[in-house]
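**Student:** The residues making up each chain are set out below.
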Amino acid sequence: MSNPAYARAHRLLAWLWLLALLLAASFLLFTRTTWQGRVDTDLLTLLPTDERRPALETARKALSTQGERQLVLLVSAHEEKDGGSADTRKAAALLRETLRELVPDLKTQNDFAAFPGDFYAGYSAGMMTDADLDWQKTATPEAAHARAMNLLYAPFPTSGVPWTSDPFGFFGNWLQSLGEASPLRPSGGEWMVEHDGAQYAALMYVLPESAFASGFQQKLMAALDAAENKLHVAFPASQLLRAGVVLHAAAATQQAESEMHLIGFGSLLGTFILIGLVFQSARALRLIVVSLLSGAIVALMATLMIFERVHLITLVFGASLIGVTVDYAILVFAQHLGNAEPVWERHRRLLPTLCLLLLAPVLAHVGLLMTPFPGLIQMGTFAIFGIFGAWTSVVLFYPCLLPKTLPLPKRAEVVASLLRHWPRWQGGRKQWGIALVALLMLGGGLVQLQTNDDIRSLFSGNPKLIAEQLAVSRIMQLPSPAQIFLVSASDEETLLQREEALITRLRPLMASGKISGFEAVSRWLPSEAQQRDARGAKEALQSTLAQLQKELELPAGWAHEQSASNPRPIFLTPENWRVSPISQPFRALWLGETASGDGAKTYSSMVLLKGLADSETAATLAQLPAAEPAIAEVEWVDQTKEISRLMQRYRLLLTQTLLAACLIAPLLLYAFFRRAVWRVITPVVMAGLATLSIMGYLGIPVQLLSILALLLTLGMGIDYAIFLQARQTHAHTLLATTLAASLTLLSFGLLALSSTPALHALGLTATLGVTLSWLLTPVFCQRK
Amino acid sequence: MKTIFLTLVLCFGVGAAHAEDVLQAVEKQLILEPVVRGEFVQTRKIAQIKKPLVSNGRFLVARNYGVIWENVSPITQTTRLTRNEIVQTDGNTTLMKLNAEKEPVVRIINSILFSVFSGDVAALAKVFDYSGKIEGTRWRLTFTPKDKNLARLIQELRLEGGRDVSSVELEGAAGDVTRIEFKATAHDKTLSDAEKKQFE
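First to last, the sequence lines map onto chains Y and V. Residue 297 in the working numbering sits at position 297 of the first sequence; the count goes up by one each step and never skips. Residue 86 in the working numbering sits at position 86 of the second sequence; the count goes up by one each step and never skips.
Worth double-checking, as some hints may not be accurate.
Stated by the list, open to error - Here are the simulated lysine to aspartate or glutamate pairs, EDC-like style, with alpha carbons at most 20 angstroms apart:
| # | chain 1 | residue 1 | chain 2 | residue 2 |
| --- | --- | --- | --- | --- |
| 1 | V | K148 | Y | D105 |
| 2 | Y | K610 | V | E135 |
| 3 | V | K102 | Y | D130 |
| 4 | V | K45 | Y | D118 |
| 5 | V | K97 | Y | E180 |
| 6 | V | K126 | Y | D87 |
| 7 | V | K50 | Y | D87 |
| 8 | V | K50 | Y | D130 |
| 9 | Y | K61 | Y | D638 |
| 10 | V | K97 | Y | D134 |
| 11 | V | K51 | Y | E257 |
| 12 | V | K196 | V | E101 |
| 13 | V | K45 | Y | D105 |
| 14 | V | K51 | Y | E551 |
| 15 | V | K97 | Y | D130 |
| 16 | V | K102 | Y | E194 |
| 17 | V | K183 | V | D193 |
| 18 | V | K102 | Y | E553 |
| 19 | Y | K514 | V | D176 |
| 20 | V | K50 | Y | E79 |
| 21 | Y | K610 | V | D129 |
| 22 | V | K148 | Y | E551 |
| 23 | V | K126 | Y | E194 |
| 24 | Y | K90 | V | D129 |
| 25 | V | K126 | Y | E553 |
| 26 | V | K146 | Y | D87 |
Think of the hints as simulated: they come from the structure by calculation, not from any bench.
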């Protein structure tokens with residue numbers, strides 16, 4: 001193809017690309033409010049999903065949907081131990097009033113939750129504790145009679161159930177046993193809980209919007225702050241403890257937004273200053289701005305098309321891509337300096353190198369797509385499209401945007417000449433000696449390398465908020481979502497029976513203080529088998545009932561009514577329970593029908609634990625299902641451990657990928673560089689090893705994200721080496737790589753400042769890796 | 001019209017002031033000593049049971065310790081209330097044991113019952129609305145729970161007395177009425193060693 005024809009075809013493509021970019025840009029601009037509302041701040045969406053276990057996924061979803069909208073405020077005026085709790089109640093009322101307009105608390109909405117006794121009274125015949133069932137088995141008629149008489153003459157009622165409908169106190173005891181579900185007790189118009197001698201009032205909220213709806217989130221946080229200030233003015237000694245996903249989400253949003261601005265503005269400012277200083281040309285900036293904008297438009301457009309929502313963390317990471325995408329413009333630009341060759345000639349000659357340059361970083365980011373973490377996949381997608389967008393714009397627009405020739409500025413010449421004096425590898429005895437010492441030092445660091453697969457190395461919350469959350473969980477004895485029992489069965493009745501069998505085995509652990517309690521649906525909805533047993537127990541007491549009827553001159557038929565021979569046995573069924581308001585707080589535990597592959601139905605539920613004493617107990621609990629045939633189909637899920645295991649698996653997988661990339665890259669590059677390929681690969685590999693070694697010396701553990709960062713470093717380092725090698729040791733090229741590397745460094749350096757551990761690790765490792773590969777690349781470059 | 005309004009306001013004002021006075025006046029009359037001993041007769045009326053259920057026994061109320069309630073006839077049964085526990089025994093076997101750590105309501109119930117049996121009407125006024133009247137040395141106070149949930153256990157509480165509480169009438173939520181009459185009430189400053197042991 002002749003030059004004019006080449007240029008024509010090229011111009012056409014450039015126009016088409018421009019049109020596409022403008023269309024995408026206007027689309028993004030016009031639908032701004034819609035997609036900005038879809039920016040996700042939920043860190044949990046970054047967690048991996050496990051497709052192989054649908055019931056577990058349903059469980060996780062249920063836990064997070066329920067948790068997402070919950071907010072609990074615990075307030076204490078901290079009065080004297082026996083001085084009552086009038087001020088605490090007043091403090092609670094003050095908070096309720098202040099927040100009422102934005103969110104009414106549950107008590108305001110429907111006063112106190114329905115009294116369990118009212119709902120269960122209709123099913124009382126089937127409600128009996130295990131202890132009473134055991135008692136009945138061995139009770140003599142005399143003992144049963146004595147029990148009823150004792151209750152009849154007791155000086156005061158303790159259950160609120162009339163004696164004539166519960167002569168043995170079975171139902172009263174069962175109702176009382178529900179009390180172990182929560183330490184909250186209604187008193188004086190508030191839900192009160194005592195902890196360490198202090199009285200707390202609990203205000204509970206179910207938020208009308210998701211914790212991650214940013215508009216509502218901000219309004220709520222402002223209202224909470226105002227309410228807290230008001231509280232401390234009225235009750236200076238008072239303490240307010242808050243717990244809820246919304247608090248963490250708000251803190252994370254605020255943090256991510258400020259980081260995104262810091263990284264974005266920092267990178268842009270650095271880019272403009274450096275380019276302005278070196279090239280002293282406004283034309284240079286034009287190309288850079290165009291390539292950055294195209295990168296951003298393409299990345300955002302593609303992410304919005306592929307994913308339902310864009311995650312804020314993706315945007316933070318995206319801001320650090322500025323340093324990477326700007327590289328193409330700089331590298332191309334540098335080629336023009338002091339070069340008199342016609343533009344189209346140069347373009348054709350440079351195109352193969354540019355294509356090669358696109359390949360390495362794109363392939364490096366494919367590593368992110370290989371993880372099971374939705375957030376990382378999104379980051380990878382964003383990066384790949386961003387890089388592609390910027391690259392395409394540079395390739396298509398630069399012949400049009402750049403002047404035909406550009407004089408090499410004096411300042412640039414100074415930088416370039418400085419780099420020309422960079423040490424070179426020549427393979428002399430002295431250099432081999434240095435290399436050997438360097439390699440030994442490198443090895444010294446590598447052997448000290450530690451690894452970390454803890455979920456906290458990806459995300460960590462605000463420590464103050466976490467402390468508050470823990471305090472609330474302790475005081476209110478909330479179950480932990482971190483470790484759960486997942487119970488499954490082919491029908492609902494078997495499911496409830498399995499839960500009951502599991503709970504029977506948890507009781508000894510509760511008695512020995514290894515766990516403080518549990519939360520399960522079967523506490524509120526006994527299985528039909530259990531209800532039948534209770535009826536049977538009463539049937540067995542028929543003679544005692546008849547005796548009581550006679551002695552006390554009770555109406556005829558009373559004894560018969562009390563026993564199970566009732567002609568219309570009413571069992572509490574899962575349907576009855578589910579539709580009653582009484583089940584509202586526990587419905588999330590009931591997962592219902594969960595998908596199953598082979599057509600057979602599977603029903604699942606969760607049993608949550610409270611106050612797990614130590615990891616030893618966790619190990620005991622994990623062994624429980626295997627040891628007991630009755631609960632063999634119960635599954636112990638330690639979510640923290642599962643995620644760590646998953647992270648470890650993917651860390652190892654990515655390490656293998658990294659090693660494979662180190663082996664495959666030279667084979668691919670051989671086509672271009674032939675025997676000089678070692679000069680391209682050696683600095684990058686050495687830089688990677690040195691990065692790991694430094695981390696070893698500094699005691700920074702290697703985690704999933706560090707390996708990903710090394711993969712990215714490999715991509716970028718190979719780019720520098722390709723460019724330096726392909727263009728030989730041209731002063732311009734050295735200048736360009738230096739500039740490109742320093743801008744990449746700036747972006748990753750800023751990313752290392754992030755307080756999200758995942759981004760921090762990524763930024764830190766990449767900063768080290770890019771610095772080292774930039775320092776080492778010229779060393780191995782072929783001397784002309 | 002104006003006068004009617006004024007009368008109403010005055011009535012309410014007077015009513016409130018009156019109630020306040022009743023409580024203070026009753027408190028002034030009552031002998032409040034750390035230890036009270038005596039006997040009781042309990043009469044319970046239950047909706048479906050025609051004959052009232054009568055029982056009798058002894059009681060001991062001690063500040064900082066709690067209440068011992070001994071039913072002697074027709075059944076033997078001891079109920080012990082301490083700050084953290086309600087324990088009911090039948091001779092040697094424990095019939096019922098409620099612990100405040102497991103069931104926080106125990107503390108609320110115990111403090112109410114302690115106030116009732118020791119005649120601490122001021123403490124009762126914190127959780128109940130009250131009204132009452134005094135005729136000479138005799139007084140009568142009626143308490144209704146402020147809290148809806150407490151009303152599920154106690155609908156109304158009526159105390160009568162002079163220098164001592166002479167009777168307590170408790171109306172349960174199910175319509176059962178329990179009347180306890182105190183006899184031979186004696187006051188003391190300290191507990192005997194044997195009595196202290198009962199609280200252990």
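**Student:** None of the hints should be skipped; say for each whether it holds.
**Tutor:** Hints and how they fare:
1. K148/V - D105/Y: 18 angstroms, holds
2. K610/Y - E135/V: Distance ~57 angstroms between K610/Y and E135/V Cα, so the pair is violated.
3. K102/V - D130/Y: 17 angstroms, holds
4. K45/V - D118/Y: 23 angstroms, violated
5. K97/V - E180/Y: Within the cut-off at roughly 15 angstroms; holds.
6. K126/V - D87/Y: 13 angstroms, holds
7. K50/V - D87/Y: Between K50/V and D87/Y the Cα gap is close to 47 angstroms, so the pair fails against 20 angstroms, i.e. violated.
8. K50/V - D130/Y: 34 angstroms, violated
9. K61/Y - D638/Y: Roughly 15 angstroms separates the two Cα atoms, so the pair holds.
10. K97/V - D134/Y: 17 angstroms, holds
11. K51/V - E257/Y: 76 angstroms, violated
12. K196/V - E101/V: 23 angstroms, violated
13. K45/V - D105/Y: 41 angstroms, violated
14. K51/V - E551/Y: Answer holds: K51/V to E551/Y is near 10 angstroms, not above 20 angstroms.
15. K97/V - D130/Y: Distance ~16 angstroms between K97/V and D130/Y Cα, so the pair holds.
16. K102/V - E194/Y: The given pair, whose Cα atoms are some 11 angstroms apart, holds under the 20 angstroms limit.
17. K183/V - D193/V: The given pair, whose Cα atoms are some 24 angstroms apart, is violated under the 20 angstroms limit.
18. K102/V - E553/Y: Since the Cα atoms of K102/V and E553/Y sit roughly 38 angstroms apart, the hinted pair is violated (cutoff 20 angstroms).
19. K514/Y - D176/V: 42 angstroms, violated
20. K50/V - E79/Y: Measuring from Cα to Cα gives roughly 49 angstroms; hence the hint is violated.
21. K610/Y - D129/V: Not satisfied, since the Cα-Cα distance of roughly 38 angstroms exceeds 20 angstroms.
22. K148/V - E551/Y: Violated, because 35 angstroms separates the two Cα atoms, which is more than 20 angstroms.
23. K126/V - E194/Y: With a Cα-Cα distance of about 18 angstroms, the restraint between K126/V and E194/Y holds, given a limit of 20 angstroms.
24. K90/Y - D129/V: 18 angstroms, holds
25. K126/V - E553/Y: Given pair K126/V, E553/Y is violated - Cα atoms ~40 angstroms apart, limit 20 angstroms.
26. K146/V - D87/Y: Status holds; Cα separation ~17 angstroms.
Consistency with the previously given hints fails for numbers 2, 4, 7, 8, 11, 12, 13, 17, 18, 19, 20, 21, 22, 25, ordered from lowest to highest.
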